Structures are given as structure tokens and as C-alpha cells.
Amino acid sequence: GQQLNQSPQSMFIQEGEDVSMNCTSSSIFNTWLWYKQEPGEGPVLLIALYKAGELTSNGRLTAQFGITRKDSFLNISASIPSDVGIYFCAGQTGTASKLTFGTGTRLQVTL
Amino acid sequence: DTGVSQDPRHKITKRGQNVTFRCDPISEHNRLYWYRQTLGQGPEFLTYFQNEAQLEKSRLLSDRFSAERPKGSFSTLEIQRTEQGDSAMYLCASRDQLRTYFGPGTRLLVL
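Heads up: the sequence lines are chains A and B, in that order. Numbered according to our numbering, the first sequence spans residues 1 to 111. Numbered according to our numbering, the second sequence spans residues 1001 to 1111.
Quick caveat, the hints were computed from the structure, so don't treat them as lab data. Nothing here was measured: the structure is a model prediction, and the numbers come from that model. Note that beta-carbon positions come from the ideal geometry of N, C-alpha and C, so glycine has one too. Don't take each hint at face value.
Stated by the list, open to error - Just some of the chain B residues that point at chain A, by a computed CB distance under 8 angstroms:
hint : residue
1    : Q1041
2    : A1053
3    : E1056
4    : F1065
5    : P1104
The task is simple: from the sequences and hints, build the whole structure.
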């Protein structure tokens, strides 16, 4: 099935650093979402974006819905050890509101 | 806990056996989804219910897979004659007007 292009694939950063990841698609989506998944668990919703150009924050997380509606980015500021996990973007479209996920960005935070 | 719940969390079975998974969505959500996630990939859409009606099925859902939501509340996903390629995490999700929430998943290993 289709997966969105997400980069980078993995990141190793030091505690306190800022992180940026992005997601691109060949298709237009009317909603972009960012999820975090930890080992053995389901994805947990972090941020939802509903309008092209929208910039939304949730604590240390900031995400933007690209103007072309084909991309989105997520920034994490001042990373902490509990930020470790896999971050997935997801585009939503259609009456079913089904999600098409990215390939994931694995984040490791070292002390 | 009022989130999406799934049972069992883990299942090991032998090739050729049938397995059934259960999902209990968030109570007021009338939309329910099943996704499958293989190692190193993002979740992929399998099927979607609005109340008790199954409205969309992915091509990933072969004839050996069947999903039901008989009373518009909980849902079951059955896999008949399991194959090793069915080994994956099976995620259930439910949706309110704006957002999709995932359960913890059932991890299936077919030996």
C-alpha cells in the first residue's frame, strides 16, 4: 500500500537539542496528523492540522500543514529522553477519513 | 480508561489456524477502523465501519480476512488459515468528528 515519504528515517540527538522532521506526498490531503508510537503500543496522536498553511503547537511540539497540501513538518524543541520513539505523519482524505501513514522517523535522545 | 481497547495484546499461532481479535472503540465513536502494521512500516488501512456497516475494504484484506461490527459497538477481525505473512501488529482505531484514536494493537506471530 501507499506510504508517505518521511525524513529523516532516524535521528540520534542529544538532550536539549531541537528536532525537525518532514513528510511529503504526491497526493493532496485535507488533514495532516502527527503520531508518536512506542514499542509494543499503538500510535498516539500528537497534533492535528486542518487547513493549508496552518501552524499548530502542542507544548514543545510545533507542526505545519504545507500550503500545497502535499507536505507537513514537525518540530520538537528542547528534546528530553521521553521523546524517544517513532514519529509518524499521516494524511487523511475521503469520506472514510482513512489515514495514509509515512514511513516513520525513529528518534533517539542521548543524555 | 476510556480509550480504544484491544484483546488479546499478543497472539502466537501455528500456520493454518484461525485467529480472532476484538476491538472495543471509544463508546461514543461511530466510526471504527482496522489497520495492519508490519515491522519498520507505518500502519496500513484494512477496513472501516460506520456503525455496523462495513463501508470500505482495502485490497490488503484478502478473502481469509473478515471483520464484523454486529451491534455498532465492538468489532472483531478474524483471519482464517493463517500464513506466516500475516504476522504483524493489528491496530484498531475509532474516530470522533475530528480525530482518529488508536488502540494498543494485537501483535500476531504465525509460526
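Hint by hint, here is what the structure shows:
At about 7 angstroms, the closest approach between the beta carbon of B:Q1041 and any beta carbon in chain A falls short of 8 angstroms, and the interface hint on this residue holds. Because the smallest distance between the Cβ of B:A1053 and any Cβ of chain A comes to about 12 angstroms, over 8 angstroms, the interface hint for this residue is violated. The beta carbon of B:E1056 is positioned within 8 angstroms of a beta carbon in chain A (closest approach about 5 angstroms), and the interface hint is therefore held. Interface hint at B:F1065: violated, since its Cβ lies 14 angstroms from the closest Cβ of chain A, which is beyond the 8 angstroms cut-off.
Here the hint on B:P1104 is kept, as its CB sits about 5 angstroms from the closest CB of chain A, short of 8 angstroms.
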